[in-house]
Amino acid sequence: MHIMEGYLPVVHALGWSVASAPFVALGFRSIKRQAEERPELKMVLGVSAAFTFVLSALKLPSVTGSCSHPTGAGLGAILFGPLVMAPIGAIVLLFQALLLAHGGLTTLGANVFSMAVVGPLVACGIFKLAQGLRAPGWLAILAAAFLGDLATYITTSFQLALAFPAVHGGLWASFLKFAGIFAFTQIPLALSEGFLTVIVFNLLARHNAHAFQGMGLIREVPE
Amino acid sequence: MKQRWNLLMLLAVILLVAVPLRIIRRPQPGPDGRAAEIFTGTDDQAKDAISEVAPGYRPWAHSLIKPPSGEVESLLFALQAAIGAGFMGYYFGSRRPWKA
Chain A
1 MHIMEGYLPV
11 VHALGWSVAS
21 APFVALGFRS
31 IKRQAEERPE
41 LKMVLGVSAA
51 FTFVLSALKL
61 PSVTGSCSHP
71 TGAGLGAILF
81 GPLVMAPIGA
91 IVLLFQALLL
101 AHGGLTTLGA
111 NVFSMAVVGP
121 LVACGIFKLA
131 QGLRAPGWLA
141 ILAAAFLGDL
151 ATYITTSFQL
161 ALAFPAVHGG
171 LWASFLKFAG
181 IFAFTQIPLA
191 LSEGFLTVIV
201 FNLLARHNAH
211 AFQGMGLIRE
221 VPE
Chain B
1 MKQRWNLLML
11 LAVILLVAVP
21 LRIIRRPQPG
31 PDGRAAEIFT
41 GTDDQAKDAI
51 SEVAPGYRPW
61 AHSLIKPPSG
71 EVESLLFALQ
81 AAIGAGFMGY
91 YFGSRRPWKA
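Residue numbers (the working numbering), protein chains in the order written: chain A, 1 to 223; chain B, 1 to 100.
Be careful, since some hints might not be right.
Lysine-lysine pairs mimicking PhoX-like chemistry, simulated, CA-CA at most 25 Å apart [to be verified]:
{"hint": "1", "chain 1": "B", "residue 1": "Lys47", "chain 2": "A", "residue 2": "Lys59"}
{"hint": "2", "chain 1": "A", "residue 1": "Lys59", "chain 2": "A", "residue 2": "Lys177"}
{"hint": "3", "chain 1": "B", "residue 1": "Lys2", "chain 2": "A", "residue 2": "Lys128"}
{"hint": "4", "chain 1": "B", "residue 1": "Lys66", "chain 2": "A", "residue 2": "Lys59"}
{"hint": "5", "chain 1": "A", "residue 1": "Lys32", "chain 2": "A", "residue 2": "Lys42"}
{"hint": "6", "chain 1": "A", "residue 1": "Lys177", "chain 2": "B", "residue 2": "Lys47"}
Anything over 12 Å on all C-beta distances counts as not near chain B; from chain A, calculated [to be verified]:
{"hint": "7", "residue": "Ala21"}
{"hint": "8", "residue": "Pro22"}
{"hint": "9", "residue": "Arg29"}
{"hint": "10", "residue": "Lys32"}
{"hint": "11", "residue": "Ala35"}
{"hint": "12", "residue": "Glu37"}
{"hint": "13", "residue": "Gly72"}
{"hint": "14", "residue": "Thr106"}
{"hint": "15", "residue": "Leu121"}
{"hint": "16", "residue": "Ala130"}
{"hint": "17", "residue": "Arg134"}
{"hint": "18", "residue": "Ala183"}
{"hint": "19", "residue": "Gly216"}
{"hint": "20", "residue": "Arg219"}
If you only want the chain A side, here are some residues facing chain B, beta carbon under 10 Å, derived [to be verified]:
{"hint": "21", "residue": "Val47"}
{"hint": "22", "residue": "Ala49"}
{"hint": "23", "residue": "Val63"}
{"hint": "24", "residue": "Ser66"}
{"hint": "25", "residue": "Phe95"}
{"hint": "26", "residue": "Ala101"}
{"hint": "27", "residue": "Leu129"}
{"hint": "28", "residue": "Phe164"}
{"hint": "29", "residue": "Gln186"}
{"hint": "30", "residue": "Glu193"}
Calculated from the structure, these hints are not laboratory results.
Note that CB positions come from ideal geometry on N, CA and C, so glycine has one too.
All chains, full assembly: derive it from the sequences and hints.
Below, the structure is given as structure tokens:
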């Protein structure tokens, strides 16, 4: 989902930066507020950020014969709401843009928007929806992380299609081309991310059972 | 009981990563005799696709620092994963849930 440095026209690069900026700003506010309200969960927020660090560094092989990486943005979004992941994702992407030549400063806004805004929003929405439908906890988390990851790559495909519509077939043809590269490769990886998110959530829930119950994340405290 | 589920899910992740490595076969070398590449990154494939859709497009910015080789790049990726995994390990280790 990293759009490479310089690979978005100036207007698009600026537009996505403007679109991402308020989410990052609101995200910093949300982190500050939640750290004050629930100081005992500051370390859990740290684990969510660390999870994104790990997962976005792992380029995994997929059944399509290509490699791609998960994002790890679903966990924090499920635990603390979608906004907190915007600045955390931005920091990860900045690290990769500056040191790894992976992504870029001109495309940072677009990459933040797909990985740290849309992905977390979808993950959080799916989690709430699944909870509303009284799905089992593990399924709600799996579906949230899985679909959040896929949504990120669909967003990247859309961003590229918008910037580079095909001469024949326009935006839609171009979208299918980019989605064809990203989406199928991502399906097994998103599933891996889903499983890993459930595992880390379970481990966190064991240490923070009462807090998680108070936040409506789990129904009952396990013995 | 929950612990067993966690192990099963971890096993599923390992299979999801390992199975493609087994089933994907390298295609025959092309007419130029060079071996075909497999398991390339989708980010780079998207970059190539841009050149197909918009052949005239030239990137207008370039990365300030480029890792000088694939080895250095993998060092930095490993560093990123190690920082994250180190923090998670510290957190779970310091909680010590299973004290008898």
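*Starting from the hint list further up, note which numbers the structure goes against and sort them upward.*
13, 14, 18, 27
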